[in-house]
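Trainee: Each chain, letter by letter, is given below.
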Amino acid sequence: MSVAIVKERFSGKIGEVILGATSEQGGTRTSTVTIGGDAALPFLHFEGKVNRPVIAMEVNDIPPTWNETLTKQYGDVFNSPGAWAKQCVDDFGADLIYLKLTGADPDGENRSPEDCARVVKEVLAAVGVPLIVVGCGDSTKDNEVIAAVAEAATGENLLIGVAEQETYKTYAAAAMVHKHTLIAQSPLDINICKQLNILINEMGLPLNKIVIDPLIAGLGFGIEYAYSIMERARLGALGNDKMLAMPMFCSVGYEANRTKESNSSADENPQWGDLDDRAVLWESLTASGLMQVGASIIMMRNPAAVKVVKKNIDELMSV
Amino acid sequence: MALTGLEIYKQLPKKNCGECGVPTCLAFAMALAAGKAALDTCPYVTDAARENLESASAPPIKAIKFGNGSVMGDETVMYRHDKTFYHETTIIIQVSDALTDDEVSAKLAEINGLEFDRVGLHYSVEGVAVVNESGDAARFAKVAAAVAAGTEKSLLLISNNPEALKAAVAPLAARKPLIGEANADNYEAVVNIGKENSVPVILKADGLDALSDLVEKAVALGYKEFVLDPGTKGTAQQLADLTQLRRLSIKKKFRTFGYPVIVFTNHENPLDEIMEASVYVCKYASAIVLKTSAKAHLLPLMALKQNLYTDPQKPIQVEEKLYAIGEVTEDSPLYITTNFSLTYYSVEGEVESTKIPSYIIPVNTEGTSVLTAYAAGKYEPELIWETMQKLGVPDILKHKNVIIPGYVAVVTAKLKEISGWNVIVGPRESSGIVAFAKTLK
Ligand code: SF4
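Protein sequence lines correspond, in order, to chains A and B. Position 190 of the first sequence, counting from 1, maps to 226 under our numbering, and the rest follow consecutively. Position 80 of the second sequence, counting from 1, maps to 107 under our numbering, and the rest follow consecutively.
Among the clues, some could well be false.
[Said to hold, decoys possible] Here are some of the chain A residues that sit facing chain B, going by a computed Cβ distance under 10 Å:
1. T66
2. L255
3. Y261
4. E297
5. S320
[Said to hold, decoys possible] Just a few of them, taken from the derived set where beta-carbon distance is under 10 Å, the chain B residues facing chain A:
6. T262
7. A263
8. L275
9. M302
10. T370
Derived by calculation from the structure, the hints in this document are not laboratory data. Backbone N, C-alpha and C fix where the C-beta goes; we use that ideal spot for every residue, glycine too.
Turn these sequences into a full structure, and let the hints steer you where they fit.
Mentor: This is the structure we're talking about:
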C-alpha cells in the first residue's frame with residue numbers, strides 16, 4: 037500500500053537576503069551569499085524550497101583568548117586579521133567572515149573607530165567572501181565604531197550589527213546610508229523580535245536588508261529556549277508573518293565555546309572524556325539543533341566543527 | 028488523541044437510564060471526555076463501541092516499554108512548544124557478536140562507564156544492542172548472555188535469523204529485551220518470538236510504503252508491541268521519513284504508524300555519526316542505535332536530548348542554599364543569583380574560573396532568570412535579604428559585602444538600607460564575572 041505523505045501548505049516564506057556586493061554591484065566581493073528564500077520547514081525538501089545554511093567563521097582584530105583546543109588548529113594568524121580570515125576561507129571553507137572588533141573595547145585596547153575601519157578594509161582586501169562586522173559589545177563605543185566602519189566600507193553590503201531595541205537607530209541609519217544589511221537582535225523574545233523589525237523597517241530599511249539574531253544559548257545552557265523561539269518564528273514566517281520572515285543568524289561559536297564543557301580538560305573532568313572531540317561536538321551540536329529550526333547563518337570558531345557541520349549540511353541538502 | 032463528548036456520545040446506547048450515575052448518556056459522554064468517568068460504569072456499552080472508543084482514545088503513538096525502565100513513544104506533539112516532548116530519545120550502543128570475548132567485555136566496560144554529571148543533572152546511556160554480525164546463532168546467544176551478565180542496562184537483541192533470535196531471547200526474557208528485526212521475509216517467526224516471550228519487536232522495512240505493509244501484516248498476527256525501523260539511509264531522506272512517521276501518527280492518526288521509531292545511524296566516523304544522530308534527536312526518533320561509545324562523543328548528544336525534552340512549562344531549578352565554590356573562608360566573596368538552573372550554573376562556572384573561593388546564593392525565583400524574576404516582582408531586596416538571613420549568611424561571613432547581578436542594580440539602595448550590608452553591583456552577564464572578580468578588593 038502506498039502511504040499518502042503529509043505536506044504542509046504554507047502561505048508564506050522566508051525572505052531572501054543577499055550579503056556582500058561584487059564590483060558590478062558597487063562592492064569588491066568576488067562572490068555574494070544568498071540566504072533565506074525557504075518555503076518549507078528546515079531541510080524538508082518534499083515540502084518546498086530549502087536554502088543552504090552558511091558558515092561564518094569568527095575573526096577578531098586582536099588575538100583571541102580562546103582555548104588551546106581551538107587555537108592549535110590555526111596557523112600563526114592571530115596577529116593579522118587578514119591572514120586569519122584568509123585561512124578561514126581557504127583552509128576551513130568559511131562561506132563568510134564574522135569580524136568582531138574586540139579591540140575597540142574601552143576596558144581593553146580601546147582602539148579608535150578609525151583603527152577598526154582600517155581592520156575591516158584589511159579583511160576585505162584579504163578575502164573575496166562577504167563580511168559580517170560587529171562591534172566590541174560596549175554600546176556607546178560601538179555606535180562610533182559601526183558608523184566609521186559602515187562609511188569606510190560603503191557599498192560592500194556588509195552585514196553589520198548588532199542593532200538592539202535601544203540602539204537600532206544608529207545602525208539602521210548606517211546601513212541605509214552606506215548600503216549594508218543589518219543584524220537585529222532581540223533577547224529570546226518573539227514579540228520584541230517582531231517589534232524591532234517593524235521599527236527598523238519604519239525607519240526605511242527594507243525587510244530584505246534585515247537578519248534576525250534571536251540571541252541563542254549554547255548546548256546544555258538553554259539551547260531549548262532558542263530552539264523553540266526559532267521554531268515558532270519559522271512557523272510564523274511560513275504562516276506569512278512578514279515581520280518574522282527574515283533569515284536567522286546564530287552565534288554558535290561564541291555560545292558553545294564559553295561553556296565549561298568546551299574548555300575543561302579530561303584531567304579536570306575525567307567523566308566527560310577527551311576535550312578536543314567534546315569541544316568539536318559541543319559546537320557542532322549547538323549548530324545542528326539550531327539548523328533544525330531554521331538557522332541560516334551559523335557563526336563558528338572550531339575548524340574541526342566547521343568540517344563536521346558542513347558535511348552534515350551537504351547531506352541534508354542532497355536529495 | 029482525546030475524543031470530544033459528542034464523538035463519544037455517538038457510541039453510547041442512548042438509553043438515558045442513569046445507571047452510570049449521571050442522568051443521561053450525553054452527560055456521561057461529557058464526563059468521559061473530561062476524564063471524570065470510566066466507560067465500565069455503563070453496563071450497556073456494546074463490545075463494538077468499547078473497541079471503537081478505546082482505539083480512538085489510545086495515544087497517537089503507543090508507549091513501548093522494554094529492558095530496565097526504558098520507555099519509548101507516547102508523544103503527542105510535533106513541536107516541543109506545543110506542549111512538551113515526553114520520553115527522551117533512548118540511546119543504545121551496539122556491540123557486535125563478531126568481536127572477540129575480550130573485545131566484547133572492553134566495549135561493554137566502556138558502555139557501562141557512560142555516566143555523566145553536569146549542571147546538577149545525571150545522564151546515563153540507556154541500552155546495549157547485541158548485533159548478530161557473526162551469522163552464527165550459538166555465538167549470538169553466547170555474546171547476548173555475556174552482555175546481559177555484564178550490564179544492567181536495557182538490552183536490544185538484533186538478528187534477522189529467527190532461530191538465532193529465539194535461542195538468545197529465551198534465557199533473557201526476564202530482562203524484557205527489545206528484539207529485532209522482523210522484516211518482510213521473517214516477520215511471522217520473529218513476531219511470534221516476541222509474542223511468546225512478551226517482548227517488543229522491531230519491524231524493519233526500507234521506506235514508508237514497505238513499512239506500512241509490514242506493520243499491517245504484523246498486527247494481523249495479533250500482537251501490538253512494536254517499534255518501527257524505517258531503514259538506514261542518507262540523513263535528508265531519514266529526516267523526511269521520521270517527520271512523516273510523526274506527522275502521520277499525530278496529525279492524521281494513522282494507526283499503522285502509531286509506534287515509536289528506532290533509527291540505526293549511517294556514519295562510521297564518530298563525529299559524523301553523532302552529528303547525524305543529533306538530527307534524529309531533534310526530529311522524531313524515539314531510540315537511536317550508535318556505534319561510538321566514547322564519553323566525549325556521547326556527552327554532547329545526551330545534553331541535546333535532555334535539553335530538548337525539558338518541559339517548556341517547568342524550568343529546572345537548583346536548591347536554594349549557600350553554595351561554597353572552592354576552599355571558602357569567612358572572608359570569601361558572596362554572589363547572589365537566581366535558582367533557575369541555567370542561570371545558576373553559568374554563574375557557578377564563571378565563579379569557579381575566577382579561582383577565588385566564593386559563596387553563591389541562588390535566590391528562589393521559581394526557576395526564572397534574573398531579568399524575568401525582577402520583572403515579575405520575584406527578585407525584591409526584601410526577598411534577597413530574607414534569604415541571606417535564612418541561610419545564616421551573617422553568621423558565616425566576617426565581612427558584609429554582597430554582590431548582586433548587574434541587571435538588578437536598581438535594588439542596591441534598598442537592599443543596603445534594609446540589610447546594612449555593602450551592596451556591590453556585579454556584571455549583567457555571567458561572562459563578565461572573571462573580569463569583575465579582578466576588581467574586587
Ligand atoms: S448507564 Fe449507559 S445507557 Fe445508561 S445513561 Fe449511562 S451511559 Fe446511558
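Trainee: All the hints need checking, so say for each whether the structure fits it.
Mentor: Structure-based check of each hint:
no. : hint : result
1   : T66  : 30 Å, violated
2   : L255 : 6 Å, holds
3   : Y261 : 8 Å, holds
4   : E297 : 7 Å, holds
5   : S320 : 5 Å, holds
6   : T262 : 4 Å, holds
7   : A263 : 5 Å, holds
8   : L275 : 6 Å, holds
9   : M302 : 5 Å, holds
10  : T370 : 9 Å, holds
In the structure shown, a violation is registered for the earlier hint numbered 1 alone.
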